[in-house]
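K.L.:
From first to last, the protein sequence lines are chains A and B. Residue numbering for the first sequence follows my numbering, beginning at 1 and increasing consecutively. Residue numbering for the second sequence follows my numbering, beginning at 1 and increasing consecutively.
Hints were generated in silico from the structure; no laboratory data involved. No experiment lies behind these values; they were computed from the predicted model shown. Note that the Cβ used here is the ideal one computed from N, Cα and C, for glycine as well. Mixed in with the good hints, there may be bad ones.
[Stated by the list, open to error] Sample of chain A residues at the chain B side, in silico, Cβ under 7 Å: (1) Glu40; (2) Met41; (3) Val43; (4) Val44; (5) Leu45; (6) Glu51; (7) Ser177; (8) Glu178.
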Amino acid sequence: MSFHQPYIATVNIARAAIISIIAFTHSAPLQAGDDELFFEMPVVLSASRLEQPQSETPMAVTSIDRELIEASGARSIPEVLRLVPGIVVGNSVNEWGEESKLIVSYHGHTDQYSKQMQVLIDGRSVYEPLLGGVDWNMLPINLEDIERIEVTRGPNSSTYGSNSFLAVINIITRHASEDPGHYVQLRAGNHDIADLTYRYGGNSGDLDYRVTLSTQNDDGLDARKNLGAQQYSDEFVDNHDDIHTGAIDYRTDYQINRRNNLTYQGGYSSTDQEINENFSPQGTRPVRDSETIHAHQFLKLENTADSKNSYVVQYYYNLQDKTDQSTSKLIVVGGGIDDFTLDLDFGLKSERHNLEFTHFNQTTDSLRLIWGLSAQQDISESIYWLNDQGTIRRETYRLFANTEWRINQQNLLNFGALLEKNRTLGTEVSPRLALIHKFNEKHSLRIGISKAIRSPFISEEFGNIAFSHDLTSGGTPIGVTLVEQQLVPNSNIEHETIISREIGYFGQFLGDKLLINARLFHDHLDNLIQRETIPIATDNFDGETHINENLIGTEFTGAEFEFDLRPGHALRFFGNVSYLKIKSHDELLTLTAEEYVNSAPEWTASLLMIKQFSEKYSGSLGFYHVGEMGWLDVPDEPASSYNTMDLRLSKTNRQSSSLSKLSLVLKNLLGEYNNYHHQPDIGPRAELNLTGYIEYSISFN
Amino acid sequence: MDRLSLTSTFKTASAALRGVCLLAFFSCTATTALAAQQVDIISAADSGYQQSLVENIRDSLHGSGINVRTFNTNSDKSFNNNEQLIISIGSDAASLLNQNNIVTSQLRILANVDADKIPAQKNTSYLSMTQPHCRQFALIRLLNDEWQTVSLLLPEADVALTHRLESCANRYQLTLQVILIDQYINIIDALNSALSESDVLLALPDNSVYNAGTIKSILLTTYRHKVPVIGFSESFVRAGALAAIHSSTKQLGKQTAELIKKHYKNQSIKQHIIYPDDFDVTINKDVAKSLGILTPDRKALIKNLKNKNNE
Chain A
1 MSFHQPYIAT
11 VNIARAAIIS
21 IIAFTHSAPL
31 QAGDDELFFE
41 MPVVLSASRL
51 EQPQSETPMA
61 VTSIDRELIE
71 ASGARSIPEV
81 LRLVPGIVVG
91 NSVNEWGEES
101 KLIVSYHGHT
111 DQYSKQMQVL
121 IDGRSVYEPL
131 LGGVDWNMLP
141 INLEDIERIE
151 VTRGPNSSTY
161 GSNSFLAVIN
171 IITRHASEDP
181 GHYVQLRAGN
191 HDIADLTYRY
201 GGNSGDLDYR
211 VTLSTQNDDG
221 LDARKNLGAQ
231 QYSDEFVDNH
241 DDIHTGAIDY
251 RTDYQINRRN
261 NLTYQGGYSS
271 TDQEINENFS
281 PQGTRPVRDS
291 ETIHAHQFLK
301 LENTADSKNS
311 YVVQYYYNLQ
321 DKTDQSTSKL
331 IVVGGGIDDF
341 TLDLDFGLKS
351 ERHNLEFTHF
361 NQTTDSLRLI
371 WGLSAQQDIS
381 ESIYWLNDQG
391 TIRRETYRLF
401 ANTEWRINQQ
411 NLLNFGALLE
421 KNRTLGTEVS
431 PRLALIHKFN
441 EKHSLRIGIS
451 KAIRSPFISE
461 EFGNIAFSHD
471 LTSGGTPIGV
481 TLVEQQLVPN
491 SNIEHETIIS
501 REIGYFGQFL
511 GDKLLINARL
521 FHDHLDNLIQ
531 RETIPIATDN
541 FDGETHINEN
551 LIGTEFTGAE
561 FEFDLRPGHA
571 LRFFGNVSYL
581 KIKSHDELLT
591 LTAEEYVNSA
601 PEWTASLLMI
611 KQFSEKYSGS
621 LGFYHVGEMG
631 WLDVPDEPAS
641 SYNTMDLRLS
651 KTNRQSSSLS
661 KLSLVLKNLL
671 GEYNNYHHQP
681 DIGPRAELNL
691 TGYIEYSISF
701 N
Chain B
1 MDRLSLTSTF
11 KTASAALRGV
21 CLLAFFSCTA
31 TTALAAQQVD
41 IISAADSGYQ
51 QSLVENIRDS
61 LHGSGINVRT
71 FNTNSDKSFN
81 NNEQLIISIG
91 SDAASLLNQN
101 NIVTSQLRIL
111 ANVDADKIPA
121 QKNTSYLSMT
131 QPHCRQFALI
141 RLLNDEWQTV
151 SLLLPEADVA
161 LTHRLESCAN
171 RYQLTLQVIL
181 IDQYINIIDA
191 LNSALSESDV
201 LLALPDNSVY
211 NAGTIKSILL
221 TTYRHKVPVI
231 GFSESFVRAG
241 ALAAIHSSTK
251 QLGKQTAELI
261 KKHYKNQSIK
271 QHIIYPDDFD
281 VTINKDVAKS
291 LGILTPDRKA
301 LIKNLKNKNN
311 E
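Isolated chain B (complex conformation) (with noise of 0.2 Å):
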């Protein structure tokens, strides 16, 4: 039997069920209430990074009474359930819901979440992966107290978003440094011209501009300059970054839970970006100080940029 064909037993089952219900009202009572609790997640099962964030999902909902079906954007359309909070992870899943007219509440967990380019879309909130940006620029403040200079490369269709980068910037005594680029712009050469005026480059988000074919020409460029790069993922400070602020799928499955349990406690969930509110520090200490950065002690870090209010 696939998956179609077990909905559809299943939809035929729960209306036989309210059936039921009307005879014997109190045991049914949370009955009805366990078959709403359930939430459909969508994700791309080629992805373990989605997976292992659906897995966190799920163990963190262990226990609630809350049912987690889970779907593959490759293959599975059967999620179009009307009555059933919907969890869409990642760029392919949400398309998805587009594409399908969903129209129920929804939560759209996505990589980096622009509020210049999403819709205001009633029931529709969204959780980005990545964090806010001015949490990077208090980082880059708590890191050292000497930098002025933050440079960033930017896609030119972005260029809306350098009013409230500034924003940010200037909260922390920065100065901004917007490095803007197209497909014809070697960013290897925007690098060159524009880091002697740098003290950090901080990495947005945006696989236009940072991903595997640039990853490693960036990194070795700024290195050449001396410049360190405040990256957005652990495995960015692996490669060579200096520092980055990043959430677990372990985090992000926490919160997500944490979420999902407040849609189904009829608390709905009024913010329409939401950002990751557990986070973690990691600083590449060899690249500190062959920059001869002195870096502070990471868990106080940690502690400070909780304290402040960064979205």
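The shape of chain A in the complex, shown without the other chains (with noise of 0.2 Å):
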């Protein structure tokens, strides 16, 4: 028997009191408010919130803890994301006149706005319908708030809808009830790294909820100014990517009844991010902000009706407002013409309504079936996107079953599907059927094909940028207007699609202390979009524009090898090994066509240690590689191969009334490389280099 070590102390005060308990309960023996202990209790660890275990997955799917999370020493959620097989992380750094960008990248097929994944929050769907991709610095979702990350690596469109194309990303915040009292989180560090976090968690009756509040504030990165002829000064600058996010995010759980919980979340951030466009050969324009809001409402209601069924109605809505003034470049005609500048409205409002409804049905034993419908509205609005087409609204609608078949003891069905409708779409089915074989209780294997969409982003079909300018010559109109026409929109553009076949293999090994979780799989992609150069007869600047088109298709091909391994209780290890061979189905390999083989790394690996060393110290070491790449904006330009480490050490002080840790968090320790742009022909090379920061958090009641 061991008393747990943080409360031996109490052991010992309780010693001495024990003798005057039991005195006083001599007389009165009997313990008070009995009945509470057969109250009926509601129901916690329902259908929709148990996780399918690994085993039984029909994907492959990685799962991040709250330990993994922690000891990554990560301030973002793509930071964390590293530990994934196959996923690449860029920082796109200011170019393109645009914001500079945390990008998640799984198989590649990537530019600065992935827009092949699904990203969802508790259920909530965070990618942006205009553009795609998602705003990772500016998300009012604060790591500490976080239960766990499930990946799905692989389409899986019949379980989350259209865009779960080539991986899913589910992050599950904690229940209000689990984060009782303050919470108090201090950073600083290098790159001006100033963050704060004040969380408050309570409870009232039935009720438990949670405010966060917190900034978030750095630099961005550094970068080494340009010289010309691929050279660059071993001098850092400021890259003028300065960002400053404040956010406030709460949830409330009510529990109704036994059988009824309504979950309520909101949250609010605000953004603002300096923006310096490295491309600008002139370099002549100014540094300028950008500010974006961010907001989401979500309600959920969960009922537990029996053992066998349970639903969950649930309804969203997502705001995204971003403000982005500037002015173009002085762009010089000629031949007597004034020289002008054009104003720019980079500004965007997107807004998505969601209404979804699921019926978890448990009918046997042997039977599992989910299924459900659900509406969404993506609105979009951009002067510099759109153009003159005003408001775009675009309504989805969605049926989708899955159904798990336990044949016998030793294998598993899963099939399902979704069927989509949208203007774009028509309507659509993306089936998925999976066998999982258990060999036994530890080791399984699984087959799976399965079809995924992903239906064109608003600016795909709808983009339409343009500019004119009436010429003056000395000021005086000449009765000619310049058009450039930069981007048509395509009626006729389709949905990409994704057929995938993999085998994967899962396995425990030394009891429960390794894991291991394997797969190869084929994946082949058509329909691809990709933008293309047209000539136009109505744009009198260079006589051509960019149109959207379906013109790539390409095949993947590879392996995926993940491991957790705890030969303790104080000692844990969470790798990595990843390899992707991309082919194009042309077979005469376009241009484009190398930009998309191009656009993944072969390997890529990662490995966390975390080490308890005591009650008080602990330590991780991360270890990342990446291959070479080319992001499909700068496919000219790959980043090179890189290797990179960080390390956490944190002291942990735990009092009776409180818990304080103070962790030292140093990133990026195998020196500077850049994951994006690695040889930019003009404006500098942003890099990642060594950040250091302290971090000190402490929660009390």
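Hey, can you piece these two chains together into the complex? The hints should help.
P.N.:
Below, the structure is given as structure tokens:
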């Protein structure tokens, strides 16, 4: 027998008290309120909350738990996602006149807008409907509030809807009752890192609530000056990509009665980000700030009707509102025509309404069915991206079902389908089938095939970027309007498709101390949307424009290997290795197809080691390798292969009524590297260099 | 006529009956016995659980010739009958007996009976609504033979209990990890720091630890650590515990009725502390599946548990 160490002192104190307690209880021996023991408890671990065991998931799933999130030393979700096989993170650093972005890519095919992944927070899709991608820097969500992150590797439309194309990132936050009391976290370091988080969790009767206020600030990356001829200075200069975010998010969980639970979440964040267009050859455009507001409301009602049936109805609303005013570089026409600049409004506003109903049914011990319906409306407006089209609305309706049939103790069949309808798609079906064979309780093999689609984003279908200017000479109009049409809409654009085949293995070794998750896969992608240059008569600037078309087809072949080893309670190794080969369908490798082929590294690997030295001291070391790759918007300047390492040392101080941690985090310990744009022809080269910060957190009642 | 005046009338009638019996001995033997075979049950009228138990005791005594009178802890004080067996259900009813200095034979039915905390009182026996500790450890061992460390949350005031718990744990080759808590310790923090070394959390029935305010966070935290919980009620299992041994009010009612009959057969209840002799096991298969735990057949498990002496 052991008393848990932190409370030994309490035991000793208690021994003295026991005597008086027993003396007291001798005359009043009975325990009060015993009826409470038999109260009807609410259903806490409902069907919708329970995780599927990894040995029975129809797809390869990486689950990053709280311990890994904390040990990674990350300040942002993308940094944590580097622990997932095949995932690569890039910093797009002020190219193309837009704000610097953190980009998460799985198997490439990605520019600064990662369009082929679904990202959900508690079942709420957060990818942006106009341009695609996720504003990772700006989402009003705190790492401290995240319970775990599940990443489904491979398409899973039948469960998560369209855009669950190459992977699905499912972020699950903690129940409001799990964080009672006050929590304060301070972080300060180089790169002007200054973060503050305050959270309070409480409850009132059947209502649990949590409110988190936070501010996150840094000066972005540093950059080396471009000396020309692919030479860069040794000195780092400010890259003018400072970012300041203030956010509030809250969650309430109200247990209406034993069978019904209502969750209400909301959040608001405001981000100011510095933008300096590195690409501008003249370098004359001033550094400017953009402001982006993110807000959401989320309501979810869960009913556990009985042991066989539970229902979920949820509604959410997302808002992204970006303000970004700029002016173009000086346009020199010549021939006596006055030079001029254009006023540019890069602002955009996107909204999403989503209503969903899901029924979980356990018909028999061997048959489980999840089915549901959803309706979604995306609304976008942007002067820059949509020109004079005003507000674009798109409605999507979905019917989905997934069945898990336990044929016998050894075999499990999982099949599902999504029926989806919208204006662009018409009606499409995305089916999935997986057979899991369990050799025994420790080892299982999975064979699966699935089809998924990606519906074009609003900008891919309706994108219309055009500028015009009435030319003058000496200030007098000459009767000519200069028109530059950069992008035209394509009403005939179709969805992208993927057919994925895989063989997966899940095994437990050394008792349960070593878990291995591996898969071989072959994916066939068609109709990939790519921007094509075409001539256009109405453009009298350069006579050509761009259009999004379904041009490319590729194939992925690869293998992924992931392990989680816990040799003892105080030591853990979590790592992966991933190999990917991309081929084009085209016999003649066009330039565009080649860009797609090179858009992901062949090899990636990561390893996070966590060691608890004592009750007070712990440490973690993360190693990450990414092979050479070219992001689709800078294919000619691929990011070189790099290795990087992060270190975190932490001291925990446990008092009777508080828990505090002091941590030192050092990142990029193996030297500087660029993960997006290795050799820009023009403008500085931004790099990730040594980053260090001290983090102090305390929780108390 | 209120219940108090009814009782007074009954006492007067009873005295008169004894007088009549002197005149007609044979015919009155049975009548006297009939008058003696009465049991008073005190319980909380606002507790559905206790009322269900009362009804099940009454049903199980049906046809036995033993009359059942019921009293409410909140309003009835008229059970002060020194000639009857008194059954108290719940701690409020037991406190009431203490306050009224009842000295007649008593059976006190409590949610949880701690041998260290009850006095050795003549004529008083205790029936626990929940299971003996060793039975719980037996369940843990039968559920999984690879589990080694059992954690439990224990109020610091109950630290003396650890020796008996340890003895039970050792019987099933299990190591005990006691997480002592007091009013200043956040249960969730305590669990977070201790669960990494646990294979399973045993929830002992104690409402200062497991109550409406804590049950959600305890279940969510243990689930996050992938540590299953062994609960103490069917409702606990529905909420998210992996399994529990529990006795229904029907099973407890039947056992209570048997004890009452035994008392009236002049076989006094010898045991000071009595545990449920009939019980059921509930397993949450969804939780088991999610945690990757293969559970044994429930009926075989119950049979196995009943074959063991676990008190």
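K.L.:
Each hint should be assessed against the structure and marked as holding or not.
P.N.:
Here's how the hints hold up against the structure:
no.: 1; hint: Glu40; in the structure: holds, 5 Å
no.: 2; hint: Met41; in the structure: holds, 4 Å
no.: 3; hint: Val43; in the structure: holds, 6 Å
no.: 4; hint: Val44; in the structure: holds, 4 Å
no.: 5; hint: Leu45; in the structure: holds, 3 Å
no.: 6; hint: Glu51; in the structure: holds, 5 Å
no.: 7; hint: Ser177; in the structure: holds, 4 Å
no.: 8; hint: Glu178; in the structure: holds, 5 Å
Violated hints: none; the structure is consistent with every hint.
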